[in-house]
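Number of protein chains: 4
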Amino acid sequence: MIKVGIIGSTGYAGAELVRLLMGHKEVEIKWFGSRSYIDQEYADIFQNMFEIVDAKCMDDNMEELANAVDVIFTATPQGLCSTLVNEEVLNKVKIIDLSADFRIKDVNVYEQWYGIKHASPSYIEEAVYGLPEINRDKVKNARLIANPGCYPTCTILSIYPLAKEGLIDMDTLIVDAKSGTSGAGRGAKVANLYCEVNENIKAYGVASHRHTPEIEEQLGYAAGKECIINFTPHLVPMNRGILATSYAKLTREVTYEEVKAIYDKYYSNEQFVRVLKKDVAPETRWVEGSNYVDVNFKIDPRTNRVIMMGAMDNLVKGAAGQAVQNMNIMFGFKENEGLCQIPLFPA
Amino acid sequence: MIKVGIIGSTGYAGAELVRLLMGHKEVEIKWFGSRSYIDQEYADIFQNMFEIVDAKCMDDNMEELANAVDVIFTATPQGLCSTLVNEEVLNKVKIIDLSADFRIKDVNVYEQWYGIKHASPSYIEEAVYGLPEINRDKVKNARLIANPGCYPTCTILSIYPLAKEGLIDMDTLIVDAKSGTSGAGRGAKVANLYCEVNENIKAYGVASHRHTPEIEEQLGYAAGKECIINFTPHLVPMNRGILATSYAKLTREVTYEEVKAIYDKYYSNEQFVRVLKKDVAPETRWVEGSNYVDVNFKIDPRTNRVIMMGAMDNLVKGAAGQAVQNMNIMFGFKENEGLCQIPLFPA
Amino acid sequence: MIKVGIIGSTGYAGAELVRLLMGHKEVEIKWFGSRSYIDQEYADIFQNMFEIVDAKCMDDNMEELANAVDVIFTATPQGLCSTLVNEEVLNKVKIIDLSADFRIKDVNVYEQWYGIKHASPSYIEEAVYGLPEINRDKVKNARLIANPGCYPTCTILSIYPLAKEGLIDMDTLIVDAKSGTSGAGRGAKVANLYCEVNENIKAYGVASHRHTPEIEEQLGYAAGKECIINFTPHLVPMNRGILATSYAKLTREVTYEEVKAIYDKYYSNEQFVRVLKKDVAPETRWVEGSNYVDVNFKIDPRTNRVIMMGAMDNLVKGAAGQAVQNMNIMFGFKENEGLCQIPLFPA
Amino acid sequence: MIKVGIIGSTGYAGAELVRLLMGHKEVEIKWFGSRSYIDQEYADIFQNMFEIVDAKCMDDNMEELANAVDVIFTATPQGLCSTLVNEEVLNKVKIIDLSADFRIKDVNVYEQWYGIKHASPSYIEEAVYGLPEINRDKVKNARLIANPGCYPTCTILSIYPLAKEGLIDMDTLIVDAKSGTSGAGRGAKVANLYCEVNENIKAYGVASHRHTPEIEEQLGYAAGKECIINFTPHLVPMNRGILATSYAKLTREVTYEEVKAIYDKYYSNEQFVRVLKKDVAPETRWVEGSNYVDVNFKIDPRTNRVIMMGAMDNLVKGAAGQAVQNMNIMFGFKENEGLCQIPLFPA
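Those sequence lines, one after another, are chains A, B, C and D.
Just so we're aligned: the first sequence equals residues 1 to 347 in the numbering used here.
Just so we're aligned: the second sequence equals residues 1 to 347 in the numbering used here.
Just so we're aligned: the third sequence equals residues 1 to 347 in the numbering used here.
Just so we're aligned: the fourth sequence equals residues 1 to 347 in the numbering used here.
Just so you know, the hints here were simulated from the structure itself, not pulled from any lab data.
Using N, Cα and C, we set each Cβ at its ideal position, and we do this for glycine too.
Check the hints yourself; a few may be wrong.
[Stated by the list, open to error] Distance ranges between label pairs, derived from CB positions:
id, chain 1, residue 1, chain 2, residue 2, range
1, C, 334, D, 112, 52 to 62 Å
2, C, 1, D, 226, 53 to 63 Å
3, A, 136, B, 1, 49 to 59 Å
4, D, 112, B, 68, 46 to 56 Å
5, C, 334, B, 279, 46 to 56 Å
6, B, 279, C, 77, 22 to 32 Å
7, C, 59, A, 26, 56 to 66 Å
8, C, 39, A, 44, 32 to 42 Å
9, A, 253, D, 105, 26 to 36 Å
10, C, 334, D, 115, 23 to 33 Å
11, A, 137, D, 115, 43 to 53 Å
12, C, 189, D, 112, 48 to 58 Å
13, B, 61, C, 252, 34 to 44 Å
The task is simple: from the sequences and hints, build the whole structure.
Structure (structure tokens):
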């Protein structure tokens, strides 16, 4: 039984961490951090937790927290975690950062895309990009995990096998992604009001979204060379879910069976990545509330492109679930402990 | 480990049974019944079950089924279960019927409101109305459970303490209920198409909905006298959830504390009924995916009425979850086994 | 051609005024007031108006505005309009106030329910409650219109004929209403975020909503005696629409035809009130974007109650449309000018 | 005043024709065709038309209809219109076909993608592809209009200027489109039920959607050479709206201003195509209920691609509105007659 602290427990990703960790057999949440709701009952804010969570929200106090718990999840705005990390803290406690602070190895790229100065660049190198299906071994011994972004998780996992095997021309790669609204966070903004989001679809961050360099970096590692892509996210009127539809030219003629075998090579032993049957397109409804990523592909002989698709719950595999998965690996628990929720449908 | 069969496993309630039972430690589903999809892979229809359920849909064959399993759930249209029940079957297997066939003790009332002839009226008397919070003892030894309707469960539980204690004038009781669309079933009807339901609210079955006599009968038992009410359901553009808002005159002057104490008397030991804090109105979002019913009340001194409110997931506590709860009681399992899902928010 | 000013043109009701007035043949909008967006292009905020509205948002300046236009619409928070009204202004310009400031004749009741001090109580008496179907003659010569609230419009119109004719016992009247989210306004509040509203239904303002005394006053006039009711609004995950379901005891035995004849007596000449056919329940989808209120009723002989139902677009007949209807009457235009939009379905 | 007949008036596109034509000053609808609802009151099916449309649904009878009206709209499944067209009919009446029967010039391509035999291939050549912004002159004198598909309209208009001017490499063109659910029609299918569509996004018809050859043909004309593309539609949980996001390599280095000038060259005189301001992405909510297509583009210097975006109401500019626009041109009415609805927001 380990002790857990959450900084930022009243955002959507933080609340999802609470939901998952309350059902986890090996952990106890000791710290429900939330600057906005200090001293308020957690279950007064998230009424779903009534009679389940009996604790009050606490201020951020990294030093005190580092002494009180074994692992800290930071589900906070960009830039905060990097101000809290230091050697003393990392010697006492493991950190799983759900923000982008440690995801990008080149600090210049980070500072350019995020528009902020990095507060502790010396820890970027050490931080492990916590995508277990790719970096499981590195995760095991990490002190500091950069938990992947939601779009990158879905995008990378649906493209990775073909990038790795050199089957697609990375210069032709285009990612068109769609996300539910919980990805926009729980801040009170007019743009995220019900009436502004409902009955609408729009692209945003066109040619400028911050998840672009994260995807490029990871797919670049897979392909073994630098990779520049188009990535366009869209906001969809639904609560949860990300769908990534990606397009690339095939580097050689292939059959369905060959490509399927490549996906299976990487994922047949992965519980959380489901390679669907032929011609079944991933849909977000089939993964809601679960840690699954459903992936599939379609070869278009007319254009010699392959369309790669992935669907995932942005708050689970795209945030809190993946963070718990990383924690499980770091502490030697079963990797799926606390993560076996069956997708809820309809939800 | 007991064996379970489901007749009607590809409707929304049936699929929810599958979800809950797949996470239940004491059962194994042996029979995924579905007339519409015989011989098709269950996970081809409900893709959320891909790599989770590995079975094909089977025809209804009550005789064969009675020999193969310990308990049968019938999640089928009205009138079917009553044609399947007989002494031979009930001697071999327990039946939990999610349809209305055995809910109403007066067969004439049943036949009048449902417009069909009852096929086995001799079993109505024996059948136990499976609302554990009220009939737990009777459920224990039942062979045949009439699993309550969704609206009745939410309505009865939110009114029961005050009806039982004589605090409300039953002649003044009005129930205005609102339901998500999964309650309308998975049949292909124009009225339930996305574009017909979305961006709309309507009343339906006004002064004629079939759940009326069920509510009246159960609240009549509680109040100790016959009870005639107005019950108006409404269709809400959401997948899951029922909210019941009920109104009645108080029979005497009471304080908040007195009424709260009455609710607590009946529910403080009930895990699945949460009596909310003062002035917190139940909302369906806080119970989604879980077996909770959240209830609360508000006294209006201006009109001397009490407004009683209940919120619930219609597919869980309103159908499959309650059915599993009944099964747990009948087989001596922990009553909450397989039913400890934390409500998913946002979902 | 008259000149129009709007104070509060960037809220949902204000924007709906713009939409309706841009299609009105007798008016020109001269002032797009919006404190929050001063000097910004109106069409940059509401992109639907791109290439349609070519104007910038302006500050509130009642004096200047009174000289520039013939009629001012105030679509502002409670309490503002009453601070702007005075004899000099009213001598120059007509005012149609979409807030509640002048709706309630008893200033004490206003101050108690709204929790603010009324800034110009001397004008309450003069103000005309702008429900044309009931107060058409008074509207004609008014200088100051109190445009009715959204819930009151729908509730009053669906109950008025029976209250007026003494057919219902007003002491038994209960109104259970449901509204889309645009009624909650365009302010940036967590409670109105997409993920908080979607997939949820809740009651709010139980036994305390501010529209209660407004409904009570108007129905009291109709019934000829004071009237105390229960009114419970609910928030529904949709953009537009209000449905009011009301219940009352009948004062005598009546047939469907008698009650229908009473509704027809009041509404057969009213373009914007549609009395539906027998057993057709009003639905919000059938009035969206239009100035219609659809009403109907159902007699329940079991309980001797009548259920009265009304459906309406809260932003049109419940706010901007009704305001334009009042303007048309005040200026001698055709009452339906600019208000003949056919309901948009599906929308 | 001309007379109009609609075959298929009870589908979503047909009903939208009714809405638009009821507000059109130059036409009278004489025939509300609907095989499914023969002899039923039109307003009993679409209650929004209560007290607006006073007519019954009629069977399809092309001969009788040709004698009774001046123009026929066929809003019917693929393959029907081509069985109804012949010389006798076309000599009496103009036909605007909202199905795909006459959109594709190569009958083999049509038969291959639609999987049906074309019943009157001899009229394909004569039929005019009714996209007024491109084919206005041909529309004027046409007897038979092939009204464009919803996806093609949005896609073609957002790409056309750059294809025509040779600014994009057509071999690199990828179209990722998203549509509301009314595009799926009003047929009673499980896949289109509320609970199946809500809270979900999915791709469908991947590399095989029937609108692909239509887009390819029209863009091929613009580019002056054959064009093979990837087109992937997605189903979005909303009633109306299409968003097309398209990607292509630029053929030369260009500035924002140059590209903007090209869009303006084609569209500055087009009322229904709005080229948005720099960096404003089209959103479906801003065009709902109107005949507008909002288009914009973004140059990505990192990848040398341009992202072209278009948003439109699939039932208006994507179907019924465009059909009315074609009718207006054919009969010499003002092109925008009956089409000046201001977009409804929020809707």
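We went through each hint and held it up to the structure:
no., hint, in the structure
1, C:334 with D:112: 52 to 62 Å, "56 Å, holds"
2, C:1 with D:226: 53 to 63 Å, "55 Å, holds"
3, A:136 with B:1: 49 to 59 Å, "33 Å, violated"
4, D:112 with B:68: 46 to 56 Å, "49 Å, holds"
5, C:334 with B:279: 46 to 56 Å, "48 Å, holds"
6, B:279 with C:77: 22 to 32 Å, "24 Å, holds"
7, C:59 with A:26: 56 to 66 Å, "60 Å, holds"
8, C:39 with A:44: 32 to 42 Å, "41 Å, holds"
9, A:253 with D:105: 26 to 36 Å, "31 Å, holds"
10, C:334 with D:115: 23 to 33 Å, "53 Å, violated"
11, A:137 with D:115: 43 to 53 Å, "50 Å, holds"
12, C:189 with D:112: 48 to 58 Å, "54 Å, holds"
13, B:61 with C:252: 34 to 44 Å, "57 Å, violated"
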